[in-house]
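**Q** This is what each chain is made of:
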Amino acid sequence: MSRGQGWRRAIVLAAIAIACALPFLLSNFRLFQFTQVFIYAIALLGLNILTGFNGQISLGHGAFYALGAYTTAIMIDRWSVPYGWTIPVAGLLCLTAGFLFGIPALRLEGLYLALATFALALAVPQILKYFEHWTGGSQGIVLSKPGAPLGLTLSPDQWLYFVTLGVLILLFVLGANLLRGRTGRAIVAIRDNPIAAQAMGVNGALYKSLTFGVSAAYTGVAGALSALAIAFVAPDAFNVFLSITFLVGIVIGGLASISGAIFGGLFVQFVPNWAQEISKAAPWAIYGIFLIVFMYAMPRGIVGALRLAGARLARFRG
Amino acid sequence: MTRRTIVALALVAALGPLLFAGPAGAQWPGVTPTEIKIGNTNPYSGPASAYGTIGKALTAYFKKVNDEGGINGRKINFVTLDDGYSPPKTVEMVRRLVEQDQVAFVFQTLGTPTNSAIHKYLNEQKVPHLFVATGATKWGDPRNFPWTMGWQPTYQTEGHIYAQYVLKNVPNPKIGILYQNDDYGKDYVKGLKDGLGEAGRKLIVLEQSYEVTDPTIDSQIVNLKNSGANVFYNVTIPKFAVQAIKKSHDIGWKPLHLLNNVSASVDVVLKPAGLEASRDLITALYLKDPTDPQWKNDQGMKDWLAFMQKYYPEGNTKDAFNVYAYTVAQGLVHVLKQCGNDLSRENVMRQAANIKNLSLPLLLPGIKVNTGPTDFYPIEQEQLARFDGERWALFGEVHDAGKK
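Chains as they are written, first to last, in the working numbering: chain A, 19 to 336; chain B, 2 to 405.
Chain B extracted, bound-state conformation (with noise of 0.2 angstroms):
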């Protein structure tokens, strides 16, 4: 064999992967024959590091579906990262995510500003930005975002069943609104006032609002009920709930009160705010919450708290959060699976558009996820619910904000 030969079948042999690389493998970033790497940011740390047990509940999650042999035979490698819910960090991190660790998309980035600093980056890469975790209305826009996918109801959606409900139901309605001076608060509210429509506009009588970092909302609540209303649209954070809800019942206040979906835990509000003063508190419900004693027999409810023993024993199985984490990583599951082999970008992304009536575990009886080509919004069903005393006992039918 002269050098000559030598050399050459030297290059072949280093460069041959390259030139025949089979079509599984290789030409997908972040996805090899026995793995698919995802990546994710979450706020460990800083002002909003309670959403934090999302993130360790998606790894444990991704770790009991690891256990049981993945996903076609590909294990999962979740890749998540703190940002401290600061926007710049969340560039960097994703930018790390994309470019450095080549993860094959991104999944669950937390928050409305954090996910608004990535959004245009990760379209102009044409990496998937799956079911980010905010209510924020913006993520379904399929024509001018085609690789972001919001995933939980939307604000406004909520809003909008809420407008709805008292138009229907209460006769002269005054309505006072309380909400939290950010984006989450105005989407609530523009939700509402959207639903009540121009003319029913009027029917507000008076909007509070209060900054995160106030210490109470006393002055807020007297000054709602001294304006008469007889409707209360309570747009608060779990603390400023357990306040609100307490004060008006103190104070003899007694409207209807509208409670949002982000403070309806049993345990985390309603208790601590007394269940007395928390009775017929209306919310709108799309999960089941693990506090609320009618899901005690639940199957899902139960593999739920095998799972958090099991794979999370140090998270507290009270907080909706985990029950929240639980249910979208199996959404993502489900699009994983339908992708087969196919885990190129594209494919992913399409999969994703195409999720027809999946019912999980921990979604409220009747909700379904549903997602299309142009419809971006997986959950888009509500289904309200007024506290006995107890439970929230749901009424009425499933609100579907995708049927116009």
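For reference, chain A alone in the conformation it holds in the complex (with noise of 0.2 angstroms):
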């Protein structure tokens, strides 16, 4: 094993250790925000795995995050399935409507594939409203927070926390396992050389679309939590701005890196909150200066950002 693969075991271990201890050391509502961090990371790294590792580019992501609360939401509130069923399902449901979407989608490239994207996200409110019978229309369905297995003593924002941290860990590993594998540098061969790629014979076809489809999952997953989190659904939740946050998650964290989906995470939870507490007049213009100021001291992202300095560190010491 090299230094920095034991470096990096280490520094998992030990975020995964203080991801564990939080919840005896912070409070409900504390630990109800980081619930929604994991949320937005497991999202974000399904964007990421589209956008960032195979270069197509999705402005609709919130409509799969969507399709995923309300499988879930559904679920419970009409066939009174226990939570913990729903969230395969939503994943194995955004998988095919993931993957569907994404073979009309083969011949759209680049800006056009984000616009036809972009018409999912609009598209999603107003469907939502349309089948009122299942969704609740705009009034939406309203949920009861899952509490703890008996024998555990703790607060359903603890249970669910961990619920949360468990699933985040669970398909992190997995997309490490497929991007770090052959799967993975075909994927990313499709990025970067499609007609190379094909040469030496990944089916772009296939892959394009399979990528689509997982991409999907990840985020329906995703959304099927963050129904059990909020313990509500609307169609307001699944605005336009949702997906557009998807896409701002990815590129400040570090596109095609899977840890930058935490941080991206990180973000999209907390910085509109720090802006809304320096500018209750005008928060979304200190926000659009973050964005800035990020991107032009990190225009790789964090992760990009955290790298470039673990080399110059590397560098100085050897």
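Please note that a few of the clues may not be correct.
Computed list of lysine to aspartate or glutamate pairs in EDC-like fashion (alpha-carbon distance at most 20 angstroms, straight line) [what the hints assert, rightly or not]: (1) 163/A x 125/B; (2) 240/B x 199/B; (3) 139/B x 295/A; (4) 191/B x 150/A; (5) 147/A x 199/B; (6) 357/B x 142/B; (7) 147/A x 125/B; (8) 247/B x 389/B; (9) 147/A x 212/B; (10) 163/A x 100/B; (11) 121/B x 127/A; (12) 139/B x 127/A.
No lab work stands behind these hints, which were simulated from the structure alone.
Work from the hints to combine the two standalone chains into their complex.
**A** Next comes the structure, spelled out in structure tokens:
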């Protein structure tokens, strides 16, 4: 094992240890916020697989997030399905939806794909209102927060935090295995040079559709978790701005980086709140300034900047 | 003095205030002898930011209250946060207000989906969720949600009033409806249909809807005219209300035009649509319209203008939302005064449910605020008005949905 890998493993283990300790140190409200960070991180990893690794821009991932959230909400509300089952179902449904959307999207490259997915994001709130019988229309669906299983003396917030953390770790490990292996190289090759990738025997169409499906599945699982954490779904929660927020999150965190999703999640969750603390009159102007400063200081995202700092440190030592 | 006694004394000194805190103060969250902390969310950004002025006007009003000495010696600390009209953000912000900022209660949170998202949470936490800013009907349900209370007349109440008017005054009514395709529009339509009753529903000849993102509603108006409707039930927000009034006038359609209260502002809607085109519109009102000339010399309106100039000079004095905010803030001040020195959450709720015949300066004459242990709808009265080309002329009796 090289020195770099050892370091990386140590950092990951330390991060997990800290994450496991947080529920016993922080208030329920702070835990709720960190649960949201993890949910965003899962969604961001999903989008990053598509946009960062595979080079397909999506402005419509809010739609898959909504699909996942509504799958969970409807299954719990209508059929009283135990919430644990609804998360994989939401993931599978979004996998299928993403794969199917990925097929026609093959004909669209770059900006054209961005526009097509943008249309998806625009349509979702209205579609949700149209199927009022299922979705509760603009009134939405109210859920109950799942409590900890018998025998565990955790508050619902602590329990949900651990559930989300567990799903996050599982999906990140799966994602890392997927992206660091043969499949990952094919996904990246398609981004970097589609013709060369085809010449090497990579089935571009299949890989692109599958990547779309996997990406949507991640985002759908995040949506399902968000429905549990918020205990409410309504069309107003899934407007176009959500999709843009995801894109901001992956760029700030670091494109084509797995750990970048965590930093992106932290940014998406906390920076709008700080902006509001600084100025109530123009919070989004402050947010905009944050964005510009981040992009100027760290053009390759937070992870890019950390890597650069790490490399400089190594050179300095070496 | 031995070391042990010193330690014991120090312990007592440290814990004493906790053990022996008097009945006033410490045990009520958000209340100190000098302050009451009140939480609120408003859409200062996002698609519904036009409502943000309500939060600003509330803040301004509480500043005025504080300048005048507060309530029973306590200043109001009004913590208002932006939720961008996004339910998940509302949940986060309200949890912050309750769990971190420890507010005494939550007041005037704005929007139907946003309030739905926190409805259960606040009732589980037993935090008063007072005078929510939405016209939906579900907020007055003390049996299932004893900590939540509405404020304004519900949209359904208003629809009911129009239905009664049509049934009583229009021979052979044929009703055409235009509504916004969301909870607000549907509540209005439901109110009308309930008011018409089973038999009366046949009187509706055509229902047309629009999305809030649509650019125009011209084709809907043409369809409604062609349906042969002689009553037009216009459930639209100001932008579309202007278009609807103008278009129906331009194509020569002259039905009995019932315009929902949401768009009854003279300056914001009727003037841009044309005062001539607006003649004979009918609406139901409960607040005084700041742009209606009949209130020019009204003392309440003069006081409101003075307040706006002093405490909220950047606010729009033509915007009825600022009248709304001023009035609901006065309603809250009344409740807090009535609480006396017991500001426990239970008593705040008890007093909110114990408002008797309260008149407020900007409510229409004769309209009173009333609540009770089983009546969580504070304002249930409205009066019909006809536009005479210059002002809303009130007519008929004050309708009271509370008297069934």
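**Q** Determine for every hint whether it applies to the structure shown.
**A** Structure-based check of all given hints:
A C-alpha spacing of about 11 angstroms is found between residue 163/A and residue 125/B, which places the hinted pair at or below 20 angstroms, so the restraint holds. Of the pairs offered as hints, the one joining residue 240/B and residue 199/B is violated, with about 33 angstroms between alpha carbons and a cut-off of 20 angstroms exceeded. Between the alpha carbons of residue 139/B and residue 295/A the distance comes to roughly 33 angstroms, so the proposed pair goes past 20 angstroms and is violated. With a C-alpha separation of about 15 angstroms, the suggested pair residue 191/B and residue 150/A falls inside the 20 angstroms cut-off, and the hint holds.
For the suggested pair residue 147/A and residue 199/B, the alpha carbons sit about 26 angstroms apart, so the restraint of at most 20 angstroms is broken. Taking the CA atoms of residue 357/B and residue 142/B, the gap is about 19 angstroms. The hint holds against a cut of 20 angstroms. With a CA separation close to 28 angstroms, the supplied pair residue 147/A and residue 125/B exceeds the 20 angstroms bound. Between residue 247/B and residue 389/B, the direct Cα distance comes to roughly 16 angstroms. Compliance with the 20 angstroms bound is thereby established for this hinted pair.
Straight-line distance between C-alpha atoms of residue 147/A and residue 212/B comes to about 10 angstroms, which keeps the hinted pair within the 20 angstroms bound. Restraint check for residue 163/A and residue 100/B: the C-alpha separation of about 17 angstroms stays at or below 20 angstroms, so the hint holds. Restraint check for residue 121/B and residue 127/A: the C-alpha separation of about 45 angstroms exceeds 20 angstroms, so the hint is violated. Pair hint residue 139/B plus residue 127/A does not hold up; C-alpha atoms about 47 angstroms apart against a cutoff of 20 angstroms.
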